[in-house]
Amino acid sequence: MLLNKRAERLFVWIFFPLALLMPMFLEQNEYYVNKLTTIMILSIFVMSLDYLVGKCGLITLGHAMFYGLGGYIFVMIAPEYEAVNFWIYTFYICAISATVAFVIGFLVLRTNGIYMIMITLAFAQMTFYYFSDSIDFGGTDGVFVYVKPETSIFGLSLFDLDNPTHFYYLCLFSLFNTLLFFKVLIRSRFGRLVDAIHENPGRTVALGYNIFIYRLVSYVVASALGAYAGYLFTLQYGFVNPSMLSWTTSGTALVMSILGGMGSIYGAILGTLVYEGLHYSLEHLTEHWLLFMGGLIILMVMVFKKGIAGFLEDLLEKRDGK
Amino acid sequence: MSNLLEVKSLHSLYGESHVLHGVSFSLDSGQALSLMGRNGMGKTTTLKSILGLVTPRSGTVSFKGENITNLATWQRMKRDIAYVPEGRGMFHNLTVKEHLQVAARANNQGEKIWDYDRVLDTFPRLKERLSNLGTQLSGGEQQMLAIGRALVTNPELLILDEATEGLAPLIRKEIWEVIRTIKESGISTIIVDKNIQVLQKLCDRHVVLVKGKVVMNLDAEQLQSNLAQVEGYLGV
Amino acid sequence: AEQDPIKVGVMLPFSGVYGGLGEATRNGLKMALQEHAADLQGRKIEFIEMDTEAKPSRAPEIANSLLNKSHADFIIGPVHSGVAMGMIKVLKDKDTIMIIPNAGVNAATGPLCAPNIFRTSFSAWQPSYPMGKVALEQGFKKVVTLSWNYGFGQESLDAFEESFTSGGGEIVKKMLVPFPKTEFQSYLSEIGSIQPDAVFVFFAGGGAVKFVKDYDAMGLKGKIPLLGAGFLTEGTLEAQGDSAEGILTTLHYADPLKNEENQTFRRGYADKFGKPSDLYAVQGYDTGLMIASAVKALNGDISDQKALIHALENTKVKSPRGDFTFSKAHNPIQNIYLRRVENGENQVVKLAASALEDPARGCSM
Amino acid sequence: MDSTLFIVQLINGLQYGLLLFLIASGLTLVFGVMGILNLAHGSMFMVGAYLAWYFVQQTGSFAFSAVISAVIALLIGFLVERTLIRQLYRRNHLDQVLLTIGMIFVFNALQGLLWGNDPLGVDVPQALSASIPLAGIIEYPVYRIFVAVFCVVVAGVMYYVISKTRLGMLIRAGESNREMVECLGIDISRLYTIVFAIGVMLSAVAGVVAAPISSIVPGMGEHILITCFVVVVIGGMGSIKGAFIGALMVGLVDTFASVLVPELSSMMIYIFMAFILLLKPQGLFSS
Amino acid sequence: MENNVILETEGLCKYWGGLKALDDLSLAFHDNQLHGIVGPNGAGKSTLLNMLCGHYKPTSGKILHRGESISSIKPYEFARRGIGRSFQKTNIYSNSTCLENCSVAVQRLMGGSFNFFRSRYSQKMLDEIATQALEKVGLGQRRDHIASQISYGEQRQLEIAMVLATSPEVLLLDEPMAGMGHEESQLIIDLLSRLKKEYCIVLVEHDMDAIFELSDQLTVMVDGQHLVTGSVDEVRDDPRVKEAYLGQGDEVY
Ligand SMILES: Nc1ncnc2c1ncn2[C@@H]1O[C@H](COP(=O)(O)OP(=O)(O)OP(=O)(O)O)[C@@H](O)[C@H]1O
Ligand SMILES: Nc1ncnc2c1ncn2[C@@H]1O[C@H](COP(=O)(O)OP(=O)(O)OP(=O)(O)O)[C@@H](O)[C@H]1O
Ligand SMILES: [Mg+2]
Ligand SMILES: [Mg+2]
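Protein chains in written order, with this note's numbering: chain B, 1 to 322; chain E, 1 to 236; chain X, 1 to 365; chain A, 1 to 287; chain C, 1 to 253.
Chain B extracted, bound-state conformation (with noise of 0.2 angstroms):
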């Protein structure tokens, strides 16, 4: 079974049906179909992040650099004022973020525990200050993206990224299939050692394992995820700020997937949910919201051992027992 918990089947049953009929409810608001298109990019983004440090172990504070490479690497190799296709330009971002994150996999992997969420950090630094020094690419102001890609494959153009409602369902189907291919991933047997290297991996070597480069596979390919979400991000905008790579954009992403509960891949969703549904409603209740979000992500630590995925677990467990 793919989704083995029943609290993920219910979620998931409840989520995307809901989500796949949303905007007929919003038609009217742009802002909202905007809002939860800016949600599923980051959910994106932080299942990627999620994969990494609560399947794989491997805690990352750099995982943002991704997220902001795949909006600048779009700025640097499309050209000015052509159209370009989006597929294409999926496939260059990725692999291009492939790359980079193979290199510097190769150097970060190496080390493990504090001292790789030191050196990610360390790499996403050194972009961060790269860009926002540099004149280029627009410097701490960023810079705008004039070109939004076409989306057609072989002649065919299926939907159009400037309207809303269309670019909310590419993120959706983009969503839906990340979070399929994570679990396909997690099933499969290369999710098997993802597994047995996270728990033990001393023991795993000791099994005839090159536990090295599992990690660096998977590494690769969240980091791809990821940038593919900022590449996204900057579509939906056309606009690219370094702010997108810094320390507390990772952060903020390791708190939603945290708070969604570590290692269960769909409570990425759930915590960028709460989050960005906890900080909206605050923000729109009172000026001292900042104070309301700290306290209220203090209780939810508290109460949700293993995250709200593993609270909601627990819930339907206890009531299937009784």
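Simulated from the structure, these hints should not be mistaken for laboratory data. Take these hints with a grain of salt, some might be off.
[As the list claims (entries may be wrong)] Below are the DSS-like pairs computed for lysine-lysine, each with C-alpha atoms no more than 25 angstroms apart in a straight line: (1) Lys-223(X) x Lys-141(X); (2) Lys-89(C) x Lys-136(C); (3) Lys-57(C) x Lys-211(E); (4) Lys-213(E) x Lys-64(E); (5) Lys-296(X) x Lys-221(X); (6) Lys-280(A) x Lys-196(C); (7) Lys-141(X) x Lys-35(B); (8) Lys-242(C) x Lys-127(E); (9) Lys-97(E) x Lys-89(C); (10) Lys-112(E) x Lys-164(A); (11) Lys-148(B) x Lys-328(X); (12) Lys-148(B) x Lys-69(X); (13) Lys-258(X) x Lys-92(X).
Place chains E, X, A and C with the ligands on chain B using the hints.
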């Protein structure tokens, strides 16, 4: 002889799995008690329940007539109990010397029978390794250190969980020798070990556990006469 | 439609480093609109306030919410230049008016200028450019420039350099400090060993406090004159204490300006909010004035965007900083004052440039 | 660079390094030695600076402010450990990340509420406000020298306590195996409360001491936080000596980078850290 | 005996700082034999085993596998050459079931570890081999239990099952019987006496009954140095061995 430790109908669980089903026994001061049973019968769990490392769902533990069931682990240990855990419980960031220094203290009577030097005299091997970290020792050395660390607290009750595991025969003998001396100096012990011959000679009481229940609780003579049955329980 | 309130979206930082600026701007804005309630032709104002947290990556989303969810008629913001870029991306040529009450990024009224984008503050170029001439007048030949390495800072240094070198001055060294680092010892030591005629800096907020105090502590104060874009001594003088005495800065405003608008404004602000007003309050205030006068000019009917833009373009703002008008690129054409810190206040020395217009390079409007 | 300037920059670097150590000292204790990932460390630094400002405003005495701020920080640390951190020892390190990020939010919000968002400054205490001439026209403030000395003292005391005393051994042992420490009859949770509170106090004291030579602004804690982690990690977890040397190295690298390779100076400490960790994946002095 | 030498050490040394944990050791391990290694605590037995499986790098000296020097290959390549080991300190995947523990081991031989899409549960054969390994050590009934929830002794059994599941040709066992009950020990002894007909086994153990019963060759080490190698009887009666390791008289004091 007064009653030192009394365990009454302990029930302990790990999550949902019920491991101890009403374990009771008692130990007089100065006595040595052996806790026997096959793997997974609940010996370690019994010890941990006595020490408060596992919180029993019900049952009481009394030490010197005082009910200690609701005390924190450290409060129980302060009453001069020492523990050599299964798996040795080394500190990976302390040296051998520091292991002993950090644990050393006089007991509640103010006695300091076991101190740093005496431990090193007993285990000369450790003397050569003073600056090694706890986890940079061989298995046996770790075991010696764990025992030494328990001894320097000058306990009244010493609890040993498989303390001779991984020791060379010669050292093993020494350890038994040490335990005998300890016992003779009036310290009580609870020993979990698989060497029934030794236990037979050393211990005054023998408790056999099967699936979390005490199936036999014998004194030395009774063990003699029921040896076959006990061995049956242990699968010897 | 005329009875509906006018919706004013406010996109300012209310928390964090820039929180103070956001608050002052908002206060000024509200004060102006209250004072001129009569000009609004009976229309009420509805404020929708959003905290940008000074995070550029959130800017498009918030701007989007004000545009598409709240359907704001005016969107006021931001403080931070990066945020401004994100906002402009969303709001450029849209059916709303964006008025920037602070962010100085040149591009906003340069290459990115648009009919619906206005600025009531300044371009980064404006306050610093006149300082070049001032430095030359003072007889400085060799100057070291220093700023945080970010857009606004670099643009300020460039503007200074432009006028200073064209008048024959020489920049002996340009130092860029990584943002937001505030450990200045090594830079100050180097300045001490170069011993230039003067130092021109751009810093604001906490960095300005720290820099000025360190400059003094390293013994440079009084030996090498310190020049700066006015932000160096705005809202920071109290924290800087004696260390700030004697610093020369150029800016489009000074608290002690003698004109009447300024006097009443300052009194009114202090009464209303219980604390002294500042530059940012003035900029917010002027934004409010501008809205009020346009609404008045149109008799309350702001539904025609072309007309509204036209009205705004032709507004002459009677500002506490002195009257100003708008350039083609929608940036203020305003006076720049030379100020010297004396007894903890930015005393006006003279007019450094009158009715200075930003060159609006790259704007094709 | 001529030789006097070189020496001056060397002094700057060392002095900055010492200051960094002081700021990182609380983190070294709480994170390096006790193993609690406290991201709110920077917030406590900020709180210390704001408290110092507040009490100097109220009383005019820097020394008094320092003491009272330290006491308040101690109490905060005590409360936070008792009510929050304590729940998390048995849980994942990442839960500590979440918790302490929540705490950062709360502290930032409170700072805004209590003290507003304008930049503030504390004057150098009168007794230490002199400067001594150094080279050319450059003078060196006595207060910075005082700070440097103070840092060395803090470093010395910390080193002694952690590596030589029984208390230090217990703290280290607790990081390795809490249960076993308890089995030695030690009330580990009380010990950890105290040590955590002291760690928090150190962070706040660093804020107090740094207040006169830094600007007190919202978010000052987050800016310094990452640098503190860099310091602790370069030195190697759990090593006071490492943190000390790490701090000095970071101070020197940062200072000289800003003079010699200004284009790279923003990245230099990260390049340096990456370099160290690639050579020694466990930091310089890891046990 | 004319069994092939599979694994060999030549002048192997391991120094920890100034400490010579292993000093100039030359030994040969043969196919289809069980080679016992005993010695006082700290003699360097675990160190030796750790080097034979690539966990530590020798300070000097060589390790030969079928005549080929393998001192400098990567740790995981040792296992791929068929050198499997169990750990002295239990080292398993404690949050997984016993079956899963062994499946990881089996999967290396079956391949597919880079297959992203094929379900790990889809291959019956893999499960079967893993189950067989569990049954061999007598853990058949614990197949679906989570490893952390079985008793210490059982975990030790699992440890061996995992090595077996990798189908090694050399088995390096470090105190596999430590902490096991009598019955389980006996089970392992029986198991090993069967296995040694097919494998080259190196056994470090302090349980003398087991060692004497099982060993074809017995090496005694003291303080990192080789003391004597020979058949059980030769070694048992060697006075040096008695003095250094066994002590006089019986096992029971
Ligand atoms: N942490 C745990 N979680 C769940 N179950 C556990 C845990 N620890 C032990 N058990 C179970 O409790 C039972 C008793 O275990 P315990 O360790 O007390 O046995 P033991 O008699 O000490 O065995 P051994 O001789 O192997 O050490 C075992 O069946 C074991 O599976
Ligand atoms: N990482 C290390 N650093 C320093 N010394 C070490 C390290 N590991 C082991 N030693 C020392 O090397 C010696 C040999 O250890 P080893 O573990 O090989 O002994 P052993 O023969 O397996 O003993 P035992 O029977 O007690 O397990 C011991 O004295 C030990 O203290
Ligand atoms: Mg046990
Ligand atoms: Mg060993």
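To see whether the hints hold, each was checked on the structure:
1. The straight-line distance between the Cα atoms of Lys-223(X) and Lys-141(X) is roughly 15 angstroms, inside the 25 angstroms bound, and the hint therefore holds.
2. Proximity of Lys-89(C) to Lys-136(C) is assessed by CA-CA distance (about 21 angstroms); at most 25 angstroms being required, the pair is judged to hold.
3. Taken as a hint, the Lys-57(C) and Lys-211(E) pair is broken in the structure, with Cα atoms around 44 angstroms apart against an allowance of 25 angstroms.
4. Taken as a hint, the Lys-213(E) and Lys-64(E) pair is honoured in the structure, with Cα atoms around 24 angstroms apart against an allowance of 25 angstroms.
5. Using a Cα cut-off of 25 angstroms, the hinted pair Lys-296(X) and Lys-221(X) is violated, with the two alpha carbons roughly 50 angstroms apart.
6. Using a Cα cut-off of 25 angstroms, the hinted pair Lys-280(A) and Lys-196(C) is violated, with the two alpha carbons roughly 42 angstroms apart.
7. Under the criterion of a C-alpha separation no larger than 25 angstroms, the hint pairing Lys-141(X) with Lys-35(B) is inconsistent with the structure, at around 54 angstroms.
8. About 23 angstroms separates the Cα atoms of Lys-242(C) and Lys-127(E), which keeps this hinted pair within 25 angstroms; it holds.
9. Proximity of Lys-97(E) to Lys-89(C) is assessed by CA-CA distance (about 23 angstroms); at most 25 angstroms being required, the pair is judged to hold.
10. Distance hint between Lys-112(E) and Lys-164(A) is fulfilled; the C-alpha atoms sit about 22 angstroms from each other, no more than 25 angstroms.
11. Annotation: proposed proximity of Lys-148(B) to Lys-328(X) is violated, straight-line Cα distance about 30 angstroms (limit 25 angstroms).
12. Between Lys-148(B) and Lys-69(X) the CA atoms are separated by roughly 23 angstroms; this keeps the pair inside 25 angstroms, and the hint holds.
13. Our distance criterion of 25 angstroms between C-alpha atoms is broken by Lys-258(X) and Lys-92(X), whose separation comes to about 37 angstroms.
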